[in-house]
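Chemist: As you go down the protein sequences, you meet chains B and H in turn.
Under the working numbering, the first residue of the first sequence is numbered 1, with each subsequent residue one higher.
Under the working numbering, the first residue of the second sequence is numbered 1, with each subsequent residue one higher.
These are computed hints drawn from the structure, not numbers from a lab.
Just so you know, even glycine gets a beta-carbon here, dropped at the ideal spot from N, CA and C.
Incorrect hints may appear among the rest.
Said to hold, decoys possible - Below, a sample of chain H positions facing chain B; criterion: calculated Cβ distance under 7 angstroms: (1) Pro98; (2) Arg116; (3) Tyr142.
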Amino acid sequence: MTLGGMFDVAIVGGGVVGCAVTRRFVLEGAKVVLLEKGADILSGASKGNSAILHTGFDAPPDSLELACMQAGYAEYMEIRERLRLPVLETGAIVAAWTEEELAKLPGIVAQAHGNGAADVRLLTRAEVLAREPELSGRVLGGALVPREHVIDPWSAPLAYVLQALANGGEVRRHTEVLGGRFADGAWRLETSGGPVEAAYVINCAGLYGDVVDERLTGATAFSIKPRKGQFVVFDKAAAKLLRTILLPVPTERTKGIVVTPTAFGNLLVGPTAEEQESRERAAVDEPTLRMLADKAAELVPALAGMPVTAVYAGIRPATERKEYRVRVEAERHYIVLGGIRSTGLTAALGLAQQAWRLYARPHAAPAAPLWPQAPRLAEHGPRDWQSPGYGEIVCHCEMVTKREIEAALDGPLPAQDYGGLKRRTRAGMGRCQGFYCNARLAEITLGRFADPLAVGAEHA
Amino acid sequence: MLDVAIIGGGPAGIAAALTLKARGVRRVAILEREAVLGGVPRHCGHPPFGLREFGRILTGPAYARRLAALAEEAGVEILPRYSVTALQPGGVVQAATPNGAATIRARRVLLATGAREAPRAARFVGGDRPLGVLNTGALQAYVHLHGLAPFRRPVVVGTELVGLSALATCRSHGIRPVAVVEAGARPVARWPLGLFPKLLGIPTYFNDGIEEIRGHGRVEAVRLRGGRELTCDGVLLTGRFLPEASLARLSHLALDPGSLGPVIDQYGRCSDGAYFAAGNLLRPIETAGWSFREGAAIGGYIADDLAGGLPAMEESINIVAGEGVKFVVPQRLARVTPLRGRLQLRVEAAISGRLRVSSEEAVLYKRRISTRPERRILIELDEMRPPREARQLVVEIVP
């Protein structure tokens with residue numbers, strides 16, 4: 001006997017893709033369990049990205065990636081109000097800084113039109129500077145992508161999973177898939193939390209997609225080549241310097257370094273693209289962080305001397321090839337959604353639709369699914385502190401209330417580590433990085449986290 | 001309508017409030033985002049505080065309690081858990097309170113929001129990002145306010161006074177620092193305090209810094225630039241104070257890129273004459289006693305201003321931090337004879353030479369100086385007679 005009985009689908013990996021797939025399958029009526037090896041969802045690749053909702057204007061034409069981004073974008077816009085998810089309508093400018101880059105812009109516009117982004121158009125230098133007067137005068141021109149926007153990269157997947165939970169889905173954290181066997185039309189997965197039985201398995205294991213593939217099928221068709229990206233977050237005072245996402249003219253390997261507003265009212269620069277062996281270590285280093293800050297100040301000169309609020313690094317699950325590595329083995333009841341890189345935040349909902357099509361088994365969808373609401377963390381929308389009765393402001397930099405922290409620690413998917421609490425509330429993520437609130441948070445979270453903030457009592 | 005709204009209930013804000021009340025200003029309120037007044041001394045569980053204010057040596061918390069009691073006795077309106085969210089022209093302040101948003105209008109507003117230490121991110125310290133990397137302010141809040149320990153065996157970075165006080169905090173609360181790391185060649189704090197780590201038997205590495213923090217979950221080790229590896233369960237980043245100037249930075253007020261605080265004149269008046277600033281918001285950092293006296297003085301100027309007694313702001317002289325000088329406060333002088341008050345300045349690096357103040361035409365002040373970063377340097381303004389046509393004074397250290 002296995003805990004929880006037989007599931008229709010076990011989804012491996014609680015990154016943004018796993019969260020979106022879990023939601024989709026629950027809404028289609030399947031009995032679903034999401035298995036996440038970390039202490040919280042979003043503890044791998046999905047924890048650090050540039051938070052952009054892409055139109056797919058520069059995606060490879062006719063690719064699955066493009067189709068999923070377009071479908072994901074459309075579904076996000078369709079469901080976001082019911083889940084209370086923000087969109088910061090920024091638009092993006094692909095800016096040209098050299099004659100060579102300038103010459104590439106018409107091709108980018110043509111590709112965008114081919115990709116269905118018909119509103120993408122060239123901007124003259126004067127138009128670019130009229131829209132973004134703080135941009136360096138060295139800019140030569142640009143391409144405007146009006147519907148490229150910014151979202152909250154943590155509340156979105158959290159909302160997907162919360163909706164799955166509200167409608168009968170199940171999430172198991174601290175549950176690593178160690179192996180599995182398919183026999184008699186069903187999977188028996190060995191996990192660190194005991195065996196799990198499911199008719200179907202969907203591998204959304206991100207940075208461990210190939211490892212899980214191997215553990216389940218004995219072979220893998222791809223191998224993850226971890227690619228680290230470092231980021232620098234500027235103080236909220238920087239937000240007034242740039243309203244539009246500033247994209248570089250891309251190269252073959254990466255979208256390049258972006259300067260972008262965030263949903264939380266900061267300005268972000270990054271990512272780098274650093275190949276590395278480790279799938280775990282997202283270390284930052286001083287020379288790279290300085291390079292990023294300098295790069296941002298080169299493009300937006302008023303950023304010189306702007307205080308830095310935070311730095312972080314994320315790891316994208318790149319593979320030896322550029323495209324998404326999606327594969328279905330219908331006879332083995334197995335789908336893998338692998339190699340989902342930086343576009344995954346946008347494409348997740350589209351990938352979930354794709355997985356549902358590939359799955360092709362009937363279920364009875366709930367007639368009136370519940371729509372739980374995400375935390376209100378976006379700077380441009382109403383925040384919890386604006387409603388009376390919040391008790392106390394615990395994190396003053398990000399104006400996080402005790403009421404919000406208690407909700408994040410209780411709720412249907414309580415935060416079980418500091419990272420999870422930060423992503424659900426923004427506590428400790430502001431300019432003082434916990435100078436004022438860290439001790440209070442340690443007290444409030446006492447006994448809640450496996451990795452506690454305080455190591456124990458002080459001995460006076 | 002308040003006469004004066006004071007944002008921040010630390011030593012500077014309270015001192016200003018006391019002066020204003022003593023001068024007969026009727027409605028003076030302190031907006032404090034915490035539940036109680038007192039500011040940073042509330043969690044500095046060590047002496048010496050209060051020698052000048054109270055004629056005796058107190059611990060930080062005792063000093064903070066005394067200040068809070070004085071404010072209450074003086075009839076200052078105390079608004080705890082008021083988090084100011086925006087400063088608007090002319091003395092309109094938006095605040096969040098547990099009972100809802102509030103708009104506060106005051107004839108004058110004093111900003112006294114203090115300072116904090118630069119966190120890890122702002123220092124660009126490399127490596128993993130595990131738990132256990134803190135500033136002294138957070139450590140003190142752990143042990144003094146909540147009875148908790150954030151680590152047992154930290155590496156301590158920095159030898160400013162606050163770093164040495166952090167060592168004392170650690171030692172008296174069951175925390176045993178592994179090492180002290182200092183970027184400079186010598187302790188920043190004055191002799192003999194710089195000997196403190198040595199006396200405690202804590203190895204101190206000069207001309208060094210953390211290259212990389214390692215740890216999965218919690219800090220496990222650090223690697224220094226010099227190559228040394230230290231096993232530890234935390235990193236305590238001390239000093240490198242920054243004015244808590246976020247409200248000012250997000251507002252219409254002018255900010256000084258050198259001090260990182262608001263631009264003021266010799267009366268503490270900001271670029272919008274409805275706003276004043278005092279205390280460690282002006283520059284990183286001075287003692288609580290200094291902030292108290294500064295708050296008291298600027299509180300007095302606000303009382304003068306309400307009575308119509310401050311010189312006009314328009315005809316002011318700009319003070320410029322020149323060669324060798326990191327910043328000068330105040331950054332502007334209202335033109336008045338004789339000048340009163342003083343210039344405070346700091347240097348970027350250890351330097352010897354001639355400290356000089358000059359206008360477009362003439363050298364107005366000079367003296368020999370040999371100093372180091374974070375040392376207090378003062379120039380008395382009454383020693384200076386700027387020419388009538390002077391628009392700007394440059395403060396510099398020349399060979």
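Chemist: Would you settle whether the hint for Tyr142/H is holds or violated, based on the nearest Cβ-Cβ distance to chain B being less than 7 angstroms?
Modeler: OK, holds: Tyr142/H within 7 angstroms of chain B, min 4 angstroms.
Chemist: Just to be careful: measuring from the Cβ of Arg116/H to every Cβ in chain B, is the smallest value less than 7 angstroms?
Modeler: holds (5 angstroms)
Chemist: Let's test the interface hint: is any C-beta of chain B closer than 7 angstroms to that of Pro98/H?
Modeler: holds (6 angstroms)
The structure meets every hint from the earlier list without exception.
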